[in-house]
Each structure stands twice: as structure tokens, then as C-alpha cells.
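Chemist: Now for the letters of each chain:
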Amino acid sequence: MADEALTSMPKLGRPPREKRDKPGPLDYMRRWPLQVIVGATLVFLYLPLITLMVFSFNDSRRNVVWQGFTTDWYVKAFNNDSLLQAFINSLTIAFFCTIISVILGALAAVMLWRFRFPGKTAVEGSMALPIVVPEICLGVAMLVFFARVMPWPTGLPWPLNLGAITIAHVSFAFPFVATVVRARLASFNREMEEAAKDLGASEWRTFWDVLVPHMQPGLIAGALLAFTLSLDDFVITFFTAGPDTITFPVKVYSMLRFSVTPEVNAASTVLIVVTVILTAIGLQMQNNQSKEKKA
Amino acid sequence: MEQTWKQAKAAFAAIAAPPIAWLVLFFLVPMAVIWAYSFGENTGPITIDFTGTFANYARAVEPLYLQIFWKSLIVAGITTLLCLIIGFPVALAIAFASPRMKAWLLLLIMLPFWTNLLIRTFALIAVLRENGYVNFTLEWLWNNASGFMTLVGLQPLGEYEPLTLLYNNTAVIIGLVYVHLPFMVLPLYSALDRMDRSLMEASLDLGAGHLRTILLVVVPLAAPGIASGILITFIPALGAYLTPDLLGGTDSQMIANVIERQFKRANDWPFGAALSFLLMYLTFIAIAVQALVQRRSERRG
Chain A
5 MADEALTSMP KLGRPPREKR DKPGPLDYMR RWPLQVIVGA TLVFLYLPLI TLMVFSFNDS
65 RRNVVWQGFT TDWYVKAFNN DSLLQAFINS LTIAFFCTII SVILGALAAV MLWRFRFPGK
125 TAVEGSMALP IVVPEICLGV AMLVFFARVM PWPTGLPWPL NLGAITIAHV SFAFPFVATV
185 VRARLASFNR EMEEAAKDLG ASEWRTFWDV LVPHMQPGLI AGALLAFTLS LDDFVITFFT
245 AGPDTITFPV KVYSMLRFSV TPEVNAASTV LIVVTVILTA IGLQMQNNQS KEKKA
Chain B
5 MEQTWKQAKA AFAAIAAPPI AWLVLFFLVP MAVIWAYSFG ENTGPITIDF TGTFANYARA
65 VEPLYLQIFW KSLIVAGITT LLCLIIGFPV ALAIAFASPR MKAWLLLLIM LPFWTNLLIR
125 TFALIAVLRE NGYVNFTLEW LWNNASGFMT LVGLQPLGEY EPLTLLYNNT AVIIGLVYVH
185 LPFMVLPLYS ALDRMDRSLM EASLDLGAGH LRTILLVVVP LAAPGIASGI LITFIPALGA
245 YLTPDLLGGT DSQMIANVIE RQFKRANDWP FGAALSFLLM YLTFIAIAVQ ALVQRRSERR
305 G
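These protein sequence lines are chains A and B, in that order.
So the number in this note's numbering is just where the residue sits in the first sequence, counting from 1, plus 4.
So the number in this note's numbering is just where the residue sits in the second sequence, counting from 1, plus 4.
Be aware that a few hints might be false.
[Claimed, not checked] Here are the computed lysine-lysine pairs in the DSS-like style, where the Cα-Cα straight-line distance is at most 25 Å:
| hint | chain 1 | residue 1 | chain 2 | residue 2 |
| --- | --- | --- | --- | --- |
| 1 | B | K75 | B | K268 |
| 2 | B | K10 | A | K124 |
| 3 | A | K201 | B | K13 |
| 4 | A | K201 | B | K10 |
| 5 | A | K124 | B | K13 |
[To be verified] Here are a few chain A residues that face chain B, going by a calculated C-beta distance under 10 Å:
| hint | residue |
| --- | --- |
| 6 | V42 |
| 7 | C141 |
| 8 | R152 |
| 9 | T273 |
| 10 | L275 |
FYI, nobody ran anything at the bench for these hints, they're computed from the structure.
All C-beta atoms in this analysis are idealised placements derived from N, C-alpha and C, irrespective of residue type, glycine included.
Extracted from the complex, chain B is given alone in its bound form (with noise of 0.2 Å):
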């Protein structure tokens, strides 16, 4: 059983007292300035006056911002999306495997993990960009094709044109994915892990087919695995700045793109603020969704 806090009020003291201060001084603090700032107003180069005006929210609602959050929910919901479909066969596999295999691939699946974020993100931009390996990769194929071609006697492809990979769109998605597919894995593995399989053998032996039986049986029985999946990749996926900053174009910017610049080049800090806030309160927003389906799923289960 817990000790109520005065039992033992000395050694409460001394094991509360630093972590607790740690964090008012050290984040809560920080977090509470940002909040009283964006609620202020820029009057000097160096001056913020917290005047209590809504102006800022009233700014971050017009088109123009409203359109790169909805941008940003868009981008970081397909990243979701592309991150379920292949961190869901690979977590099953896993979940399935001898012990020792298991042991490897998640292994394998943790590794880029520990990897530094801008190393991975500078690693994908030598293989996408116009004379990277992809590209090197399909203009060899490319060239291989059309010698073949001319061989049986077609018209050769012509010259090969380099695909634009990089300071797109597609690019921000395609980091994205790379980054975050191991925060999809590894929650959806021990889902599966812990999963009852004498059900799943219940279903196969009652003739439903393994598709089906995936699609039936494992994953609603995995649905508190898969919701907290998808939870942990689209937080940082609609939070991501580095990924958009350097493979991203000027069409690519995301929220945290826009608010990194009201704090360094445009020296809107008010504004930069409150950004910040509607960016938490949309993560706040997510956590309540998976925390409400959660409930849901297990009052049914």
C-alpha cells in the first residue's frame, strides 16, 4: 500500500522537494511565460507588455496560419497513416517470431532510434537528392532498359531526367515516415505480444482465412496498442521542424517552421507565443481523442 505523505514527512520532503522544484522552476515557469506572452503585445524592439489582448489568437486564426496548421494535420495524419501500414505487418512478424529472431529485428527496428535525428535526416537527403542514390539507382535501370530496347529494335528511352525527390511535399512525408515508424512498431509489437493467440488459432481453425482473422480478431484485440501507436507518431509528426526545415520547400512549411521564425527572424515573440499554445492545445486535443477511445474500447471489451 501507498504511505499517505505524513507518515513519513521528513523523507517526503526530501524526496519530493527536487524533482518537484525542478520542474515548476525549469518548465512550468518557462511554459507560464510563454502563456502570459501570448497574450501580449510587441512596443518596443525588446519590450513586451502583457496587455490581456486576444490579438495574437485573432492573427493565428486568420487563412493564412489557418491553413498551414490544417496543412500540418493533414501531413502529419498521412505520416500516421503510411506508419500503420507498414509498422503493422512488421510488428506482427515480429510479434511472431522465434525468440531469438525477435530479439534481432527489435533490436534492429530500436537502433535508428538511439540514432540522432538530424544525422538520419542528413543520411535521407544523400539518398533522395537529384544526384543521390535513388536517383543514380533508376537512371542505371533506366539506361539498362534502354539499351535493351534498342536491342530488340524500339526506340531508346531517351535521356534520362533525375526525379525531384528532395524540397517537396513528398519528401517531408517520406522523413517523416522514416523517423517515426519506430515509435509506431514497438508499441503495436507488445500489443501483439501480449495478445491471447489461442484466439487467433480459434479463428483460423473455424476456417477464417488469415486476412480475415487479422482484420476480425487481432485488431480490435489490439486496439489499445494500435490507438497509442498512432498517438506517439502524430504528436511529434505535427510538431516535427527539422524533417520539413531540411527536405521541405517553401510550399512544405509546417506550424513549427512558422513559429520558429516569429522567434528568430521576424521577432514577433507574442505571436510566436501564441502558436505555440494552439500547437499544444491541438496535442492536448489528440491525447483526450485517444484517451476517450481507449476508455470506449475497454468498457466493450
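This is chain A alone, in the form it adopts within the complex (with noise of 0.2 Å):
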């Protein structure tokens, strides 16, 4: 499936320039009416985001015309106590929420890499439901769950009251990881394992020495992939959430239904620099752990 390729990074190494001539009969890239379509996608995928970045800087309310550059509403979404717990705790959820992910999801992927069980193919398939389950339909489900079968208790210190929504995140982060870390395992030559366990190695060094560092790769891109699902869901959030339990997405859900001020776009910015960031940081290591295999 697609999966592969939404977390495979792509790597962005510089091989020698190309002499420029006449294009081949397959660079389509350079004939002109596919670089149009390519370019105006592009402008319809950027153009909003850029706007909207631009424009969080914009000395005016109304947000529509140029008024003069300002760091405002920075400052006012800095000063918005609400706004910035909702900011804290989804960066608090989507922590905890990869650090379990990629545990449960390393185990998954080995278990199913690994050994042959009465009623494997039982555990793969519902393994990959709460990948194509549709998310309203997870949000509902625990929803019911908080609220009959398991209630979280009200009224917990902070961050423990951030229990339901992580357990939310988590069961459907965990499937995403499991299939990424499966798809490295794919390159892992068993005997490796064999030979370590000839050598004396137990269980457990053999798994930790032996296998973890083969999935590395693997676990970098499924705990990029379980943040970002993380601080990226509403609609399972929006379910789970009680008053005091507000995360960013609903928060400026809840703001856009009053009015649009540039404060959510410069909380927006925020956001979007963030998960930049963090996906430059792991496409570093992950073009890092390419060239040490090289070299």
C-alpha cells in the first residue's frame, strides 16, 4: 500500500549535474505542458499555507490588504493562556503518544515478521483496521468507550489527564508504525539473528544488538509518522476531549467558529514551523544512516 511511500523519505543528495540538451523522450519533466500542471499544483498546495504564514505578520484585522509588518499577534497568541495550554498539550500527547506507539508497533512488527500463530491472519487484519476504519467513526467509538466502559477520572493533575485522548492516539498511531517498521524488517536477513544466537547471545541481546539496530530506519520514520498523526488529529480528539483537555486543533476549531483573528494564523505558523522542523530532523538521520551503510 501507499504507506511506504507517505514515510520513505526521499534523500536529497546531489548527484552531478545532468549537461543541459535537448530533453529525452521520457523527461517529462522537461516539456512544458507537465511542468505547467506540476507548477500550478504546487501553487494550489502552497499558495493558502503561504498566505496565511505571510499574513499572520499583517498589522491588520480585517487580514485581507498589506498594512505594515507587526509581531502582534504572536504576542497576543503567546499571551493567550488557553491557547498555549492547548498548544502544550498536544505536544504532550503526541510525545507520549510516539513513545508508545513505536513500542507497541516495533512488537507488532516483529511478532508478524517473526513467527507463524494460529490465527495470524485474524491478528494482521485487525491490525490494519484502525488504519482504514474511518475516523469519525474511532472518534464515536471512544466517545463511548471514555464515557461507559472505561470513564477516565475527571480531575487528574496535569498531564495524566491526558490519558483518554494519548490511549485514543495510540491505537490508532500504533498500526501506522507497526506497518513501517514491518516493511524495514522485510530487508533483515535472519541468519544475522541465527548467527548471534550461535554465538551465545540470549533472547533479549540478540533482539536488542541484533535486530532493534536493522530497524532503526524503520522506528525513526514511524515515530515521525505517530507524532505528526498525533498533533494532526481533531476529528478522534474532538471526541475525547473534555473542557479541560482542549488540544490546539480544537482550539482553534472552536476559535474559527467565533472569528477568524490573524492570532490563530500566527498559532498556525507556529505549528507549521514545528512540524517543518521536525521532519527536516528526520530527514537528516535518515539520509545520515544512508551514507554510514555507504561508507
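Two chains, two frames, a set of hints: combine them into the complex.
Modeler: What follows is the structure, given as C-alpha cells:
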């Protein structure tokens, strides 16, 4: 499926520049109709985001015409306690969700990769369910679950009050991690594991010193995916969040309902920048990984 | 070779127990509860009896709700089609770009996928609303055109009327295409990238034009990628909640919005549960159809 395509990072290397000559028969990128389509698509994808970011510095409430540069909206956003709290909540949830998802996802991947056991197809199938089930269905299921089956105690100190949302996020994030890690495990030479065991390494030692290092790029990609999935999620959080456990998307949503102020632009810009930085770090780590392997 | 679990029982238990336990407790149990609720009845403000009734499903296939299901299918279908039409040339261009260009283009396509969905929708609102940038640009063009017409001695065009681009079905489709385009481009790209290029070269050498080569050689070869691109665009578009909620008007509700209303304002959980399971069955049917198409194309190929 496409999970592989979504998570495998492109490698931004610098191969030697080719000579500029007539486009070859298959150089579609050097033909103008396709250049126009690609250009228009990129404009379509980026224009809204770039205008949003630019106008977060605009010195006007009405937000349409450029009135001059200001950072007032950032100051306002940072002084907005509930917005800041929502932002911290989102990052905290994403952090815990990532840790739990990576552990569970890696274990699930190793289980499905290494063992044959009765009911494996059923386990594999149900592991894929959270990926395909519509968000809204999972959201209402979590709402009912935390309302009737396992009520999350109210009034817990921070960050324990975020437990319900974190659990809901892990439930849909860890199968993604499992898929990514399993794709990585496919390239593992099982004889390495046997060799380690023959040389006297224990089960645990083999896992930790042989299997985990091989899984590492998958684990990093999975962690990045889990973090952004959690940070991005609105629908499922919307159904599990209580009045004192607002996340950033839920807060922005309720702000949008009242009025669109450049404050939201400013807060969104901060989140976009955080995501871009994280993606850049992830790419860098993967690039280093592949360089090490080549060396 | 895979090991049987009996060869290393302790290791198997340690590895398998945490993910399976989590999946059962925090995914399958909540789903099962919803499934049970869909056969229940509201007997009080917060009490629901499991009576085994099919009344909720009967209500869900009444014309009013059937129409919403139908509409959601149409909207998701149009979205998928538009994504395919835009995404295919983009994926083709990326697959045949120089290695360096390819990496950057892939990153550019992927980056919005990592950006928050709500923020992207919000950014789109700012562009599309009546005093947004699209109308702003159009007004500027209109006034200039109007000025030009008076200059050459024609009637001016009159006052510019802003287009209503938001809060209607078109806005929902634009929003869904905007959000789901990367989902379509990436699987298409990976299929096109793996393709055997000598077949294309052969077709071009033998005198077929580019369009003909693409339609008769590339599309059949990339069919599995196209099928999975269609699937992973269609499924989230069908269950979309946020886009119709924020960009749609009163008549552009999709199933997810109706489900949300049952669980929040209308407080009719059994009916909402039945609707969510119907949506889930639709999703499974889409997956099954895709698997079938895939298998058939593999057998042929």
C-alpha cells in the first residue's frame, strides 16, 4: 500500500548535474505542459499556507490587505493562556503517543515478521483495521468507550488528565508504525539473528543488539509518523477531549467558530514551523543513516 | 523462515502480548460496544437497552439518510476523480524527473501531508471567502478589464460581484481535493517509478504518440498503483468530517456530520452507531472491490 510511499523519505543528495541538452523522450519533467501542471499543483498546495503565514505578520485585523509588518499577533497568541495550554497539551500528547506507539508498533511488527501462530491472519487483519476505519467511527467509539466502559477519572493532575486522548491516539497510530517497521524488517537477513544466537547471545541481547539497530530507520520514520498523526488529529480528539483537556486543533476549531483573527494565523504558523523542523530532522537522520551504510 | 511460536514461547508471549492486548482493549472493545449499541434503544436520557432491534438500521435507509449516503459517495467519487486527473500528470513528471529534482518535488508534495489538517482547511477559508484572496484577485482583474473597456470606448463592466466560493458543495470538493491530493500522488508515483521504462521506449520507437503510450502502456502497467491511489483517496474522503463542516453549507453535509450530530446534539447514540457501522461497511466494500480488481489485474499480467 501507500504507507511506504508516505513515510519513506526522499534522499536529498547532490548527484552531478547533467548537461543541458534536448529533453529525451522520457524526460517528462522537461516538457512544458507537465511543468505547467506541476507548477499549478504546487501553487494550489502552497499558496493558502504561504498567505496564512505571511498574513500572520500583517498589521491589520481584517487580514486581506497588507498593512505593514508586526509581531503583535504572536505576542497575543503567546499571552493567550488557553491557546498556549492547548499547544502544550498537543505536544505532550504527541510525545507520549509517539513513545507508546513506537514500542507497540515495533513489537507488533516483530511478532508478525518472526512468528507463525494460529490466528495470525486475524491478528494481521485487525491490526490493519485502525488504519482503514473512518476517523469518525473511531472517534465515536472512543467517546462511548470513555463515557461508559472505562470512564477516565476527572480532576487528575496534568498530564494524567490527557490519558484518554493519548490512548485514543495510540490506538490509531501504532498500526502505522507497525506497517513501516515491518517493511523495514523485510530486508533483514534472518541468518544474522541465528548467528548471534549461535555465538551465545540471549534472546534479549539478540533483539536489542541485532534486530533493533536494523529496525532503526523504520523506528525513526514510524516515530515521526506517529508524532504528526497525533499532532494533526482533530476528529478523534474532538470526541475524547473534555473541557479541561483541549488540544491545539480543537482550540483552533472553536476559535474559528467565533471569529477568524490573525492570532490563529500566528499560532498556526508556529505549528507549521514545528512540523517542518521535525520533518527536516527526520530527513537528516535518515540521510546520515544511508551515508553510514554506504561508507 | 518464520518461526513457529512454539519454538520460543516466552519470547513470543513477551513480544505479542502488549500490542494484541492494546488492540483488543482500546480498539476492538470500543468498536464492539458501538456495534452493540447499533442494535439498542434509548430508554432514558442516558440509558440504552440492548434490545436487538433493527429499527436503527431501518431508519438509516429512509430516503433522507439514504440521500446523504448517496451524496457522500458522489462527493468522494468526484474528489477521487479530480485527484486522479491532477495527480497522474504530477506523479508522471516526478517519476521521470532528474534524481535531485525528484527528491525536492517529493518533499514538496509530502510536506502538506505533515501539516495540520485543520490549519490547511483554515488557510483555504482565508483564500476562498468573499473578501479572500481569490475574490480579491478577480476583482482587481475585473476592474482593470473594466478600465480597459472604457479606454477602448466600450461600456464598463459594472460593479464586481464577489463570487461565493465558500459554504457550498464546490467548496467541499475543492477542500477535499486540496487535502487528499498527496494521498493520490504518492502511490501513483511509486507505481510509475517502478515501471519498466523500456516498454515505454518501445512504444515510442514504434511510432505511438505520447498520449497513446500513456493511455495504452503506462496506465495498464501502473494499474495497481492507480487502484491503491483511488482507494486511499476515496476512503478518507468518504468519511470526511472537518472539510464539509467548515467549508460546506447547510446542504453539503456528509455522513460523518450526521453521525457527529447523533452523538453530540441529537443524543441518539444507537442511531449514530448504526450510521457509523454502515459507513464502515461501505469502506470495507470499497477495500474488497479494490482487492478484487488488483487480483484480476495480477492474474492477467
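Chemist: With reference to the structure, classify each hint as holding or not holding.
Modeler: Structure-based check of all given hints:
1. B:K75 - B:K268: holds (22 Å)
2. B:K10 - A:K124: Between B:K10 and A:K124 the Cα gap is close to 14 Å, so the pair holds against 25 Å.
3. A:K201 - B:K13: holds (16 Å)
4. A:K201 - B:K10: Given pair A:K201, B:K10 holds - Cα atoms ~17 Å apart, limit 25 Å.
5. A:K124 - B:K13: holds (15 Å)
6. V42: Constraint on A:V42 satisfied, holds at 5 Å.
7. C141: This interface hint holds because 4 Å falls under the 10 Å limit.
8. R152: holds (7 Å)
9. T273: holds (9 Å)
10. L275: holds (6 Å)
Every hint from the earlier list agrees with this structure, and none is contradicted.
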